[in-house]
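Peer 1: Here is what each chain is made of, one letter per residue.
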Amino acid sequence: MTFDLFVIPFFGGLIFLLVVLFIKYSRWIALIDRSGRRKIGYGLFSLQIFPATWEVFLESLLHRRMWKQNKLLGYMHMSFAFGWLLLILLGNLESRIYSGGHLNPPYYPIFLKFFVHDKRVLPFELNTLPGFFRFIMDFVLLYILSGLVLAFFKRIHSRWFGMKNTSRHNRFDQWAITCLWLIFPLRLLAESLTASIYGGGGFLTNSVGDTLAMILPAAVTPGMAYVAWWAYSSALGIFFITLPWSRYMHIPTEVVMIYLKHFGVKSGKHLNSFSEIEMRACPKCGVCIDVCQMKDAGAVGSTPAYFVRSLRMKEGNSLLNNNCMLCGRCKEVCPVQIDLLDLRIASRNLENQSIDKPFSYLPADVPDSKGINVLYFAGCMGHLTPSVKKAMVSIMDAANVKYKFLDQDGSVCCGRPLMMAGMFEAARSLMEKNRQAIHASGARILVTSCPICYKIFNEEYKLFGVEVLHHSQYLLRLVEAGSLWINHSGLSVVYHDPCELGRGSEVYKEPRKLLKRVAKLIPIEQERENALCCGGSIGDLALNQDQRNIIRDAALDVLLEPKPDFLVTACPLCKKTFSSAGTAKVIDIAELVAQQLEKADNLIEETVEESIL
Amino acid sequence: MNEKKLAFGYTVSKDRQIDFDEASLELYNKVCAAEPSIRLCISCGTCAATCSAAKFSDFSLRKLILQVRRGITKGLQAEVSKCMLCGKCQLACPRGVSTRALIMQINMNLQKTGK
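These protein sequence lines map, in sequence, to chains A and B. Going by the numbering used here, the letters in the first sequence line up with residues 1 to 613, in that order. Going by the numbering used here, the letters in the second sequence line up with residues 614 to 728, in that order.
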């Protein structure tokens, strides 16, 4: 007997799922542009397949990044993913013992204990194959059930799992999660009841079966067992049918995404078919909600998990698109490594791309300045904090640098703010203007005070032959080359990583190295990749001033916790934002260096006064 | 006929009155609903003073907000397109107006009405 009516919900659900997944994935992959498709075709037969498969194993099955996040969270995910896979694989092997190695219908191993009643009494012995399987199958089931218990406790008290927040469920999610939670207890019940009638269970199913047999009258157990098998099959079936529209779509999609990423397919600046895959790879786990500072400002709805959901549902919610500081904290922790910043910018582009900005008023002539080595670009924000540019000028004078102050008489914006608003064309016309001026100067090094400018000069301008440096990097270079002599101030300072310089451009080392030469650097709880955003970000287009102040004050609480003499940052915008709170002495790294120049004049008083402005 | 004789080199200033019966406050109301911080503006001009774009043009956010408030939408699109979105005005504003959000709202609403 290898068929019973009850397998239909499972079997039908499985076929439905496979058909839906096949249609969805083939459509998305077909819509990827030609160069992307070529990459996939090439990648499938390249060595990339091995690291990709290894990553699938580590992330989709073992959930390595989840483990890093929290041990309990990692164990829970691993027990479901890896445990379930083991159950399927081992179940399949076990079924071959009884079917003589022939091909079986897919439901046969899943419901093996219903179809095969191995009445032999096998004490647990690893040298008998059926005994081994009885043991291992029960062990894996127990392993998954332990994860289920954790999942249950996570619902009650998510803080044990290092999570303060988790996302709300939609209707499909609720159906899917209910079924997912029922699948394994129902399997246990069905197998146990069957074992109590026919024997042949392992350590778990036998003992549960015996207990049930003691409680229940012998007449009802066969009927109940049959009902349990039906329920088990139905739970599987409903889970499969709801999966493509629920959060569990991330399970198959993450695998596809990892392979495509390894083949070199990217979403980039525009929403494309790969972005569709990325959106579905989001499990709405809520790890991003915890780190997102929008939550402090009372905008939980704008956190990445909900943004991605809105994107997936094609809501075109412009508030959600705009209400993000693009600080990148979410991208650092995302267990699926979705490029949340690119997605946000691309969705803004969809909305704002048609806004025309010709900038025809910009001067046509290019300043001629041959014979200099270094260009200094203060940037808009640099001009807003004059003490920073003054400090830079005094340092470069002291070091006898042959430089030109490119935007001394006012900056043409670098274009990054427009880029972040999704207005790529408008940004490009500004970029072209600056590029001409930079190339005309003949300089080999471009130094900028503003991390926002630094990021776009570095990544988008494609300035061949010109090295782009943030002033913290350049000053360190001057000091290390011996062109600049500075004293140690003896001050204790905390360093704030600006988003665009730290997470955005991965410049963590140089500012710290430079700082250690002039002051005592105190480590803090959240720095480098986990640094907080100051709240002044120009990435956001929707926050009001009160919300920004809340974010700023919360960040200051963390930064000022060790009570430093100065809060040092490397971004004029962060400096301006933090100064406006009036609670901290904020200073730019360049100002601190300028103060400590040998034979330094009275810069100290001047800069401190300005930081209060 | 006598105009020539009476030309002393003085002219009558252009009428600066705003007729609120004719002025359309449609744009202002829409922008106001989406970005209420426009109400906080006291037209002090700090934004215009610090503006990066104003270094190269006659762009003035103060003027722009006044125009929107008074329902003057003619030529507004060309004016608002001069903004580079750098965000200096937002940091300088003593009233905490979300100037960048405001610019985006004006931009988008003008885009929709095609003015």
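The set of hints was computed from the structure by calculation and includes no laboratory data. Please note that the accuracy of each hint is not assured.
Restraint-style ranges between C-beta atoms, simulated for each label pair [claimed, not checked]:
#, chain 1, residue 1, chain 2, residue 2, range
1, A, A581, B, T624, 48 to 54 Å
2, A, P105, B, Q724, 23 to 29 Å
3, B, Q724, A, R477, 42 to 48 Å
4, B, S637, A, K266, 42 to 48 Å
5, A, K269, B, S626, 35 to 41 Å
6, A, K563, B, K687, 54 to 60 Å
7, B, K676, A, L350, 28 to 34 Å
8, A, A364, B, F621, 52 to 58 Å
Partial chain A-side listing against chain B, Cβ under 7 Å, derived [unchecked claim]:
#, residue
9, C380
10, P417
11, L418
If you're wondering where the values come from, they're calculated on a predicted model, not measured in any experiment. Virtual Cβ for every residue (Gly too), placed ideally from N, Cα, C.
Peer 1: Of all the hints numbered above, which does this structure not satisfy? Sort the numbers upward.
Peer 2: Of the numbered hints, 2, 5, 8 do not hold.
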